[in-house]
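Engineer: Listed here are the chains, written in short residue letters.
Protein chains: 2
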Amino acid sequence: MKKLINSPENVVLESITGLGAAFSELIKIHTNPNYITRADAPVENKVALVSGGGSGHEPMHGGFVGRGMLDAACPGAVFTSPTPDQMFEATKAVNGGKGVLHIVKNYTGDVLNFEMAADLARAEGIEVEAVVIDDDVAVKDSLWTAGRRGVGTTVLAEKICGAAAEAGHSLKEVAALCQNVNKNGRSMGMALTSCIVPHAGKPTFDLPEDEMEIGIGIHGEPGRTRTKLKSADEITEVLLQPIVEDLPYKSGDEVLLFVNSMGGTPLLELFVVYGKAHEILTRQGIKVTRSLVGPYITSLEMAGASITLLKLDDEMTKLWDAPVLTPALRWGV
Amino acid sequence: MKKLINSPENVVLESITGLGAAFSELIKIHTNPNYITRADAPVENKVALVSGGGSGHEPMHGGFVGRGMLDAACPGAVFTSPTPDQMFEATKAVNGGKGVLHIVKNYTGDVLNFEMAADLARAEGIEVEAVVIDDDVAVKDSLWTAGRRGVGTTVLAEKICGAAAEAGHSLKEVAALCQNVNKNGRSMGMALTSCIVPHAGKPTFDLPEDEMEIGIGIHGEPGRTRTKLKSADEITEVLLQPIVEDLPYKSGDEVLLFVNSMGGTPLLELFVVYGKAHEILTRQGIKVTRSLVGPYITSLEMAGASITLLKLDDEMTKLWDAPVLTPALRWGV
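In the order they appear, the protein sequences are chains A and B.
Each residue of the first sequence is one higher than the one before, starting from 4 at the first, in the numbering used here.
Each residue of the second sequence is one higher than the one before, starting from 4 at the first, in the numbering used here.
FYI, nobody ran anything at the bench for these hints, they're computed from the structure.
Hints may contain errors.
No copy labels: a pair is met if it fits in one copy or bridges any two.
[What the hints assert, rightly or not] With a straight-line cut-off of 30 Å between C-alpha atoms, the simulated DSBU-like cross-links for lysine-lysine are:
1) K31 to K290
2) K205 to K231
3) K290 to K49
4) K314 to K31
5) K31 to K321
6) K233 to K205
7) K5 to K49
8) K31 to K253
9) K95 to K231
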């Protein structure tokens, strides 16, 4: 296993410590239990957003903490749900009196633990709503998940709902918006290679040198199918078609096109996929009005990519464009 | 070879086409010869900055084109210098009447071709200055380079000099500033794995499963030494010490600490290195006042990292903080 780490036991704590040192003006690192908050948390009279999940998907979620996005993120061990006490402490730390929204990716452990944390917080008089993101069209059920998995739409929901919270929307409004983003977002991913979880020390799965996995999850969960390697154009078609058909996205729709690297796929390749996806959508009359391209929801060093489409309305577009100031996403400030 | 490409021949053109589609409000793609300009080029009465080099180092340089940074970038084939006609056409396209600065990484092909392009441009009455970046402390001479190689400081020089040009500085001033940034910047990198150039179809070099290469270049050029794998803390020490001693950086200095992924190293690991580097510098009384962490000057999917230090003065700090609006770096706007 070739990794820039000191030990599997310490990698998450050391990594968030480094993140905190690099962005001390934006975020604050809390340990034992581990969570990351905005440096100015709690923000009085603003709905607070808390997310979290296993580590290994960086910059998600710690890189999305800051003004206009998340108030807190809870990093679990690599590919392992954070614990309810992390979520509970984070919820208390960022509660500004207007309630807290939990944005939860649909993995069984995450969902259960966020539910427990919400109960604990409510018992202390904090108003909590939770929205579960389940946008992955690849498979119905999967390892670790009942129903669809939560993937790329999570990033978009955190940005858009963070902007709504910043603009003063109520907890009910921000939660309804988050549901709406989830309802209009669809994703699918693929892998060229596996990745190595530090604790495991060996690849999560085996993938022969001439094969790829279509519909993979962000923890290497099996997808729809294994096939021989195909060209970037063909892979883009294979990912995009089920996404477009699922909502469905139709001619005249305005969409945000998010092309994501699983980690090991460089930008040189990612923009080939983006260019083809943009061309296919344009040909179908689906108008790409906003874009996000890069490694934002990753699987360690896995080579591969995912595509997410989000059907935009005017409100979502405006909230997407609103200022954001986090380690990983920043504009307008 | 597992890559999201259609063919080695088309990958660069398809990739910059995708980049252009994703960021059409910021940049414009020109083909035959290939170069990327600001969407609003030429900007009248502003010094224009042109850089370029082999592809495979994304987001450098195409991702750094935009307001407050580069006016144009010339992407060569993967790990291959762009041609003089690319540089010449780019220079003409962005010349706003106040002269053009070529920022050149010190590789023999790049230096020669930029010199030829500068001569061609001068023959047409365009004032051109060139600054060669040679900040890599690893080796004196190397494959492809006489003298030190140009690496991480290039990114910082492009940002800082771009801000100076935007602020109305003259060509002589911007060139002198670029020299000054180069004089105060030092870098060193290491690799855990090789990478595969699409045309070659096989790894650039072999690195056994239990070894790493210290002092590697961004094209996989041999470095200082091959050793057994070490911990992230040890590797950080090994990279940072020669950098600090070379300038030398001293107690009381203010520095920008840039920790760069070679491509395949995920943020989870990169922030472990950043945290350790920050700790070492702080212990030595060297004050980290600005930071950059992420994959900015990469070697395709190579796993590894590089560290760059830049000694800051007040002017450089102010120019670093100035607004920038490019695909890969944006803040303040």
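Engineer: Pop the pair K95 and K231 into one bin, within, between, both or neither, using alpha-carbon distances up to 30 Å.
Structural biologist: For K95 and K231, neither the intra-copy (49 Å) nor the inter-copy (46 Å) Cα distance is at most 30 Å.
Engineer: When Cα atoms must be at most 30 Å apart, do K290 and K49 count as within-copy, between-copy, both, or neither?
Structural biologist: neither (34 Å within a copy, 35 Å between copies)
Engineer: Can you give me the call for K233 and K205, within, between, both or neither, at a CA distance of at most 30 Å?
Structural biologist: Both: 26 Å inside a copy, 18 Å across copies.
Engineer: Give the relationship of K31 and K290 under a CA distance limit of 30 Å: within one copy only, between copies only, both, or neither.
Structural biologist: Answer is between; shortest inter-copy Cα gap is 19 Å, intra-copy 39 Å.
Engineer: What label fits K205 with K231 when the C-alpha limit is 30 Å: within, between, both, or neither?
Structural biologist: both (23 Å within a copy, 19 Å between copies)
Engineer: Using 30 Å as the alpha-carbon threshold, which applies to K5 and K49: within, between, both, or neither?
Structural biologist: neither (44 Å within a copy, 47 Å between copies)
Engineer: Go through the copies and call it for K314 and K31: within, between, both or neither, with a Cα cutoff of 30 Å.
Structural biologist: Close across copies (26 Å), not inside one copy (34 Å); limit 30 Å.
Engineer: How would you label the pair K31, K253 (within, between, both, or neither) given a Cα cut-off of 30 Å?
Structural biologist: Intra 43 Å, inter 28 Å, cutoff 30 Å: inter-copy only.
Engineer: Can you give me the call for K31 and K321, within, between, both or neither, at a CA distance of at most 30 Å?
Structural biologist: Close inside one copy (28 Å) and across copies (25 Å); limit 30 Å.
When held up to the earlier numbered hints, the structure conflicts with 3, 7 and 9 and fits the remainder.
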